[in-house]
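Now that you have both chains on their own, put them together as the hints suggest.
First to last, the sequence lines map onto chains A and B.
Residue numbers for the first sequence follow our numbering, so the first one is 200 and each next one is one higher.
Residue numbers for the second sequence follow our numbering, so the first one is 98 and each next one is one higher.
There could be a bad hint or two in this list.
[As the list claims (entries may be wrong)] Below 20 Å or equal to it, Euclidean Cα-Cα: the simulated SDA-like pairs (lysine to any residue) are:
no., chain 1, residue 1, chain 2, residue 2
1, A, LYS327, B, TYR341
2, B, LYS261, A, TYR308
3, A, LYS327, A, ASP292
4, B, LYS261, A, SER281
5, A, LYS419, A, HIS443
6, B, LYS276, B, GLY330
7, B, LYS261, A, LEU301
8, B, LYS261, A, GLU309
9, A, LYS419, A, ARG401
10, B, LYS261, A, ALA326
11, B, LYS185, B, ILE196
12, B, LYS261, A, LEU328
13, B, LYS261, A, LEU303
14, A, LYS327, B, VAL339
15, A, LYS327, B, PRO265
16, B, LYS261, B, ASP241
17, B, LYS261, B, PHE244
18, B, LYS261, A, HIS330
19, B, LYS199, B, PRO189
20, B, LYS261, A, ARG302
21, B, LYS199, B, VAL292
22, A, LYS327, B, HIS266
23, B, LYS261, A, ARG273
24, A, LYS327, A, GLU309
25, B, LYS261, B, LEU338
26, A, LYS320, A, MET336
27, A, LYS327, A, ARG305
28, B, LYS261, A, ARG305
29, B, LYS261, A, PRO286
30, A, LYS327, A, TYR308
No lab work stands behind these hints, which were simulated from the structure alone.
If you're wondering where the values come from, they're calculated on a predicted model, not measured in any experiment.
Here is what each chain is made of, one letter per residue.
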Amino acid sequence: MLDSVVVDGVGKTYAGGVEAIREARFRVAPGEFLSLLGPSGCGKSTLLMMIAGLLAPSRGSIRVDGAEVQGPRRDVGIVFQSPVLLPWRTVLDNVLLPVEMLRLRRTDYERRARDLLSMAKVDDFAAKLPHELSGGMKQRVAICRALVHDPALLLMDEPFNALDAMTRDQMGLELLRIWDVHKKTVVFVTHSIREAVFLSDRVLVMTPRPATIGFETDVKLPRPRTMDMQEADEFNRYVGLLRHSIEAGTRP
Amino acid sequence: MRGRSLLWPLAVTLTALVAWEAVVAALRVKTLLLPRPSLVAGVLWGRAPLILEHMWPTFYQIVLGFLLSLVGGVLVAVLLTYSEIVRKGFYPLIVVSQIVPKVAVAPLFVVWFGLGDLSRLLLAFLIAFFPIVINTATGLTSVDDDFVRMARAYMGTRRQIFTKIRLPHAMPLIFGGMKISITLAVIGVVVAEFVAAQRGIGYLIVMANGLLDTPLMMAAIAALSLMGLALYGVVAGLERLVVYWQVRTETPRGGFA
Chain A
200 MLDSVVVDGV GKTYAGGVEA IREARFRVAP GEFLSLLGPS GCGKSTLLMM IAGLLAPSRG
260 SIRVDGAEVQ GPRRDVGIVF QSPVLLPWRT VLDNVLLPVE MLRLRRTDYE RRARDLLSMA
320 KVDDFAAKLP HELSGGMKQR VAICRALVHD PALLLMDEPF NALDAMTRDQ MGLELLRIWD
380 VHKKTVVFVT HSIREAVFLS DRVLVMTPRP ATIGFETDVK LPRPRTMDMQ EADEFNRYVG
440 LLRHSIEAGT RP
Chain B
98 MRGRSLLWPL AVTLTALVAW EAVVAALRVK TLLLPRPSLV AGVLWGRAPL ILEHMWPTFY
158 QIVLGFLLSL VGGVLVAVLL TYSEIVRKGF YPLIVVSQIV PKVAVAPLFV VWFGLGDLSR
218 LLLAFLIAFF PIVINTATGL TSVDDDFVRM ARAYMGTRRQ IFTKIRLPHA MPLIFGGMKI
278 SITLAVIGVV VAEFVAAQRG IGYLIVMANG LLDTPLMMAA IAALSLMGLA LYGVVAGLER
338 LVVYWQVRTE TPRGGFA
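Isolated chain B (complex conformation) (with noise of 0.2 Å):
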């Protein structure tokens, strides 16, 4: 069933390619302007050393960030759970919070944070965070009462509520805010490569774009994508582990049947 549903979406990507590579060819665009998939698959493959040595530093940051975005995010969101004064005081703060263009704020964390790696990953840290406090917030408190109830008539305390049944009511609502937080973790890095980095993918492909070398920054941009993917997988096949009990159904099924 898996395999299957893989199929479809490889067969319209390879299509794709295959239409793009003749359009290319037939209409003689220059390689500067759109450079035909094969010959940015063969920078991906040729300059691999160059790509994979940026690659690096942007994938490291993007887990720490990332990381760091789950476990300030479920902290933050337990405080707004059990805590009135977080919940009337914090909370209203971090959703205005969020208006702000995190991307627009890049280049003063530059200022205050220095070129480094704290920057990058602090930036991150602020795009990725949110998704996972409204989430985990949202899964802690929907908790149908019957199931409180029920657990204090078994004089369930306040912990063991939260640890037997808040929690994992709320891991379905977790992992949809880290599948949606490890893509921005992504993008928060990136961006931040842009303002100020000597390393990493984003870096790299503001280089690229300096020297005109259209293929490469191609080469560089399809990297990272299979990077962003390769970790959405990750988190996916986690939450296909973690949160074994949830019966789901995730493309939509039978159309106008």
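In isolation and in its complexed conformation, chain A is listed as follows (with noise of 0.2 Å):
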């Protein structure tokens, strides 16, 4: 099967001379949960810009379905770490921002806005302005705006990060319940280990700056996945294991 992300050679240093990343080289199965996971600072929401089309690689190549990433694609759903949504817009009117962006028929998309939107949980939420909304809300729209024009790939910048604990553990959860109905190819960046354990199916660890993937893991863990699974000495053996590699990942 035709890999959904490919990632070939890909290094990035920025105009000044600052090399951000040395070498990526890693493949992305279709329906995967992939998880890049590193220190702050690291280089691996500048990687992900990349594969998202915003930021063009210094070195190497990277592929989306088969296709040369050469600037943004219809098919790319992406999440940010804080969830930007327009305050002049109405909740369902942010969600419809990528179908006006790609001059889709509003209509067509409504009722998938909807659905997602109860799906999430806030379609109770449809007509009000984002300032009416708490933070977990507001990330929830940002997914269902990612989602709305039924991309296959999504990319996430640490969505959850600005979130308290307890409501990023929820939305972690939804996060997955959403996934399960719609299977897409899902990068995620976090620096967060559990939280890179908890949701992927593999988890690739990144180096400091400049960044290579200096060691990967599959997670497996049943799913679907529940917080009592936090608890679990599997769980907690993939964490120590990744803890320990991000540790050794000052390189020897």
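Structure below.
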């Protein structure tokens, strides 16, 4: 089966000579939930932005669904650290923004937008403005927006960072529930080891700058994942394994 | 809430007028120096046809000058935002041009553009357009990078990013500029009328001054102020409609609490 994402020897050096990423090489299978885990400032967001086509790699190439990434693509959804909702648009209109940008027919997608909002349990707020929502609700809306045009690939850049710990766990569960229904390929950037283990099929650990992929592990916890799993020995074995690899990541 | 917030300034104004009336009556101040507010109100009422006749040209030139500033100001701001040549070459000049006291230019405008409406309109425009340019340009460029990145991720074109993100984002600031601009347009037109006009409130004030008719002068000033207030009110009312998403606190609240 064709890989959903192929990152082939990608490096990024910024103008001014700062080398953010030395070399990254990995593949993501269709429907896979992959996390990029690493300390702050290691370039994992940079890598995600390059997959999104928002940033050009200095070296190597990225392919999404077999086609070389040369700019943003219509079949990609993206969630940023902050919800970036437009304050003058209602929740529903915010969710439909990609539909407008991509010049699709709004009427064809309104039903879907409402279904997504109800799945994310914010359908009661469809007609409200963003400032009336809590932080967690805003980020749920942002996830709905990323899914509204039915992209095959969902890119998430530390989406739950700004949320408190309890909301964060809850959002993780709900993301998995939505992912289970919609079967998207997900590339998820995080610096939380537990979050990466809890959500992912596979975790890639990035070393500090200039980054490479230092370590990789499949997470063979059964699905659907539950909160209780976080106390299981197996879960904590993965957490320990990843923590050691991060600590050793300052490279031999 | 809105009704209440008007109550206090109205009470203060009323008290001040009563005090003024009382002081003028008690000290027997000459009407030529300072007429009683009731006398001014009487003139405002009694000579309403005259005042209204002069108010109309002033009114439409203020509105026209303001609209011209709005359209011109937004267009210049868009050019400043998107054209590097305009930004580097013209922006400093626009800023420097604001150092010239525009009121001082009024007589020159009469020489260039004649005694007609045109010179008044242009002076109003010259005075009123600057806050629109500055505020609009600030609004268009102060959009958070995340918004632009998000829009680009969904393949938003430059035009879409302008209409769907930059322009609505700039709206609160544009209205801030409009509120300054409308009061400046009043100044522009009236100053031009001082210099050269056969009609208009500015002309009426100068004429009443020549006749030593202080009550008429003050009535004209009162009429002009009321008109300025009404125009400002229209802009502020529109702002509430257009910039509906802004949660605003207009007066500082709580004081020492």
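A quick look at each hint next to the structure:
no. : hint                  : in the structure
1   : A:LYS327 <-> B:TYR341 : 12 Å, holds
2   : B:LYS261 <-> A:TYR308 : 19 Å, holds
3   : A:LYS327 <-> A:ASP292 : 10 Å, holds
4   : B:LYS261 <-> A:SER281 : 19 Å, holds
5   : A:LYS419 <-> A:HIS443 : 18 Å, holds
6   : B:LYS276 <-> B:GLY330 : 9 Å, holds
7   : B:LYS261 <-> A:LEU301 : 13 Å, holds
8   : B:LYS261 <-> A:GLU309 : 18 Å, holds
9   : A:LYS419 <-> A:ARG401 : 8 Å, holds
10  : B:LYS261 <-> A:ALA326 : 18 Å, holds
11  : B:LYS185 <-> B:ILE196 : 19 Å, holds
12  : B:LYS261 <-> A:LEU328 : 16 Å, holds
13  : B:LYS261 <-> A:LEU303 : 15 Å, holds
14  : A:LYS327 <-> B:VAL339 : 16 Å, holds
15  : A:LYS327 <-> B:PRO265 : 18 Å, holds
16  : B:LYS261 <-> B:ASP241 : 14 Å, holds
17  : B:LYS261 <-> B:PHE244 : 10 Å, holds
18  : B:LYS261 <-> A:HIS330 : 18 Å, holds
19  : B:LYS199 <-> B:PRO189 : 17 Å, holds
20  : B:LYS261 <-> A:ARG302 : 13 Å, holds
21  : B:LYS199 <-> B:VAL292 : 13 Å, holds
22  : A:LYS327 <-> B:HIS266 : 18 Å, holds
23  : B:LYS261 <-> A:ARG273 : 18 Å, holds
24  : A:LYS327 <-> A:GLU309 : 16 Å, holds
25  : B:LYS261 <-> B:LEU338 : 18 Å, holds
26  : A:LYS320 <-> A:MET336 : 8 Å, holds
27  : A:LYS327 <-> A:ARG305 : 19 Å, holds
28  : B:LYS261 <-> A:ARG305 : 15 Å, holds
29  : B:LYS261 <-> A:PRO286 : 12 Å, holds
30  : A:LYS327 <-> A:TYR308 : 19 Å, holds
Hint compliance for this structure: no hint is broken.
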